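For the sequence shown, this note's numbering begins at 300 and goes up steadily by one.
Simulated from the structure, these hints should not be mistaken for laboratory data.
Since the structure is predicted, the reported quantities are computational estimates derived from the model, not experimental observations.
Quick reminder that beta carbons are idealized off the backbone N, C-alpha and C, glycines included.
Possibly wrong hints are sitting among the right ones.
Said to hold, decoys possible - Listed next, the in silico DSS-like pairs over lysine-lysine satisfying Cα-Cα at most 27 Å (straight line):
no.	residue 1	residue 2
1	Lys-439	Lys-509
2	Lys-394	Lys-439
3	Lys-427	Lys-389
4	Lys-481	Lys-496
5	Lys-481	Lys-302
6	Lys-427	Lys-409
7	Lys-496	Lys-509
8	Lys-394	Lys-346
9	Lys-509	Lys-302
10	Lys-439	Lys-409
11	Lys-302	Lys-427
12	Lys-530	Lys-427
13	Lys-409	Lys-302
14	Lys-452	Lys-481
15	Lys-389	Lys-409
16	Lys-481	Lys-530
17	Lys-389	Lys-439
18	Lys-302	Lys-439
19	Lys-452	Lys-439
20	Lys-530	Lys-409
21	Lys-409	Lys-394
22	Lys-346	Lys-389
23	Lys-409	Lys-509
24	Lys-452	Lys-394
25	Lys-427	Lys-439
26	Lys-481	Lys-409
27	Lys-346	Lys-409
Said to hold, decoys possible - Pair by pair, the computed Cβ-Cβ distance ranges are:
no.	residue 1	residue 2	range
28	Pro-624	Arg-508	47 to 53 Å
29	Thr-442	Thr-485	37 to 43 Å
30	Glu-445	Glu-391	31 to 37 Å
31	Pro-624	Glu-490	50 to 56 Å
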Amino acid sequence: MSKVRRLLGQDGTSFSNFVVSTPGCSPSRASILRGQPPHTHGLWTGKGPEGGYSAFARTGLERSTVATWLQDRGYRTALVGKYLNEYGVKPETAKVPPGWDEWCAAPEIKYFDYDLIENDRVVHRGNKPEDYLTDVLSRKAITFLETAARSDKPFFLYLAPRAPHGPATPAPRYARAFGNAKVPRTDAFNEADVDDKPSYVHQSPRLRRKQIRTLDALHRDRLRTLQSVDKMVEDVLTTLRRTGTLDNTDVFFTSDNGFLLGQHRRADKGLPYEEAIRVPLLVRGPGVPSRVEPSVTSNIDRAPTLADLAGAATPDFVDGRSLVPLLRGETPSVWRTATLVERDRSNEVAIERGDIGGEPTTPAF
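Throw the hints in and build the complete structure from the sequences for me.
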């Protein structure tokens, strides 16, 4: 993602030891929205009764999120893209949650022929090139930014494209890109010796040639879908610059989880391995230096960081810490040296201590 590297990586701070609290989409997004790990917010899966939107709404979690905190502070807020799994799949769930002034949610994992929930109405998009989901979300985001720039209120945009989630359908213009790309053949890829791994890895046979070819094909499609995200980031930064708001805006680029593509013989997420838990965090903004920050940080730090930047109060339930001192290039007198990563309701956890040698684990983007 050359544009992301140039616009955010070179001109901002890259967090080299940033991990998620859990390698699953909805539980991780709940952590992002509320600054809590799963054992505190209580979402463990992507669907009910213990996960997804149904649990998030039923338990009242959505009544206090970073969106409500910033809205209470006077911010104009918008969500464009994915919210939580199960949101909008039934008519009764297709409502605008508390804290959001503008709403354009993509409830389906489809890149063409899908519905969007735009505030209080459902809008269908078809199969034309201009209907490609990432591009549509990009245009929606740009419209919000242009409108917000004409207001005297500060703004908060939560832009969450579906890419590179499966089925990883690329935009037609990128359909032939990366024709020779393959999953990196690290030591973890299709490893032979799994004696030190848990039983579910022992029970997974080594990948066969056909399976590896399938993973390579998926890897290429994921790269292709991310080219549209790369362009989205460029268009957002261009809009901020054109509207005169770039120099007063903090931009965060990150993800809710990683994915295993043949590492440890697996092709999924939800496992507490580096490939699934370590994600990028790039931040560009006023006073943010161009450097690499090695401190151990987590997605539970996102919400309190945004609140701190906005001057908003955070509730007592927040477990994460503001990254603002690190974004200013400061060295806090006390900072964590490890962070907890949880997996479902199992007894399997990971303690992330940052780079400890061996193969490079900094996320690729």
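Each hint tested on the structure:
Among the hinted pairs, Lys-439 with Lys-509 is inconsistent with the structure: their alpha-carbon atoms are about 40 Å apart, more than 27 Å. Taking the CA atoms of Lys-394 and Lys-439, the gap is about 18 Å. The hint holds against a cut of 27 Å. Using a Cα cut-off of 27 Å, the hinted pair Lys-427 and Lys-389 holds, with the two alpha carbons roughly 26 Å apart. For the given pair, Lys-481 sits about 25 Å from Lys-496 by alpha-carbon distance, which is consistent with the 27 Å threshold.
Annotation: proposed proximity of Lys-481 to Lys-302 holds, straight-line Cα distance about 21 Å (limit 27 Å). Under the criterion of a C-alpha separation no larger than 27 Å, the hint pairing Lys-427 with Lys-409 is consistent with the structure, at around 13 Å. Restraint check for Lys-496 and Lys-509: satisfied, since their Cα atoms lie roughly 24 Å apart, inside the 27 Å limit. For the suggested pair Lys-394 and Lys-346, the alpha carbons sit about 18 Å apart, so the restraint of at most 27 Å is met.
Restraint check: the Cα-Cα separation between Lys-509 and Lys-302 comes to about 33 Å, which exceeds 27 Å; the hinted pair is violated. Annotation: proposed proximity of Lys-439 to Lys-409 holds, straight-line Cα distance about 17 Å (limit 27 Å). Of the pairs offered as hints, the one joining Lys-302 and Lys-427 holds, with about 26 Å between alpha carbons and a cut-off of 27 Å not exceeded. Straight-line distance between C-alpha atoms of Lys-530 and Lys-427 comes to about 19 Å, which keeps the hinted pair within the 27 Å bound.
Note on Lys-409 and Lys-302: the hinted pairing holds, with a Cα-Cα distance of about 25 Å set against a maximum of 27 Å. Our distance criterion of 27 Å between C-alpha atoms is broken by Lys-452 and Lys-481, whose separation comes to about 46 Å. Straight-line distance between C-alpha atoms of Lys-389 and Lys-409 comes to about 17 Å, which keeps the hinted pair within the 27 Å bound. A hinted pair counts as satisfied when its Cα atoms are at most 27 Å apart, and Lys-481 with Lys-530 qualifies at roughly 22 Å.
Between the alpha carbons of Lys-389 and Lys-439 the distance comes to roughly 23 Å, so the proposed pair stays at or under 27 Å and holds. For a cut-off of 27 Å, the pair hint linking Lys-302 to Lys-439 stands: about 20 Å separates their Cα positions. This hinted pair checks out: Lys-452 and Lys-439 have alpha carbons roughly 19 Å apart, not beyond 27 Å. As the CA atoms of Lys-530 and Lys-409 are separated by approximately 19 Å, the hinted pair is consistent with the 27 Å bound.
About 20 Å separates the Cα atoms of Lys-409 and Lys-394, which keeps this hinted pair within 27 Å; it holds. Only pairs whose Cα atoms come within 27 Å are accepted, and Lys-346 paired with Lys-389 is accepted, the gap being roughly 13 Å. For the hint pairing Lys-409 with Lys-509, the CA-to-CA distance comes to about 26 Å; that is within 27 Å, so the pair holds. Simply put, Lys-452 and Lys-394 have alpha-carbon atoms about 24 Å apart, close enough for the 27 Å limit, and the pair holds.
Restraint check: the Cα-Cα separation between Lys-427 and Lys-439 comes to about 17 Å, which is no more than 27 Å; the hinted pair holds. As the CA atoms of Lys-481 and Lys-409 are separated by approximately 24 Å, the hinted pair is consistent with the 27 Å bound. Of the pairs offered as hints, the one joining Lys-346 and Lys-409 holds, with about 18 Å between alpha carbons and a cut-off of 27 Å not exceeded. Distance hint check for Pro-624 and Arg-508: the Cβ-Cβ separation is about 50 Å, which falls inside the suggested range of 47 to 53 Å.
Between Thr-442 and Thr-485 the C-beta distance comes to about 41 Å, which sits within the given range of 37 to 43 Å. Range check, Glu-445 to Glu-391: Cβ separation about 33 Å, and the 31 to 37 Å hint holds. A hinted range of 50 to 56 Å for the beta carbons of Pro-624 and Glu-490 is inconsistent with their spacing of about 39 Å.
Violated hints for the displayed structure, listed by number in ascending order: 1, 9, 14, 31.
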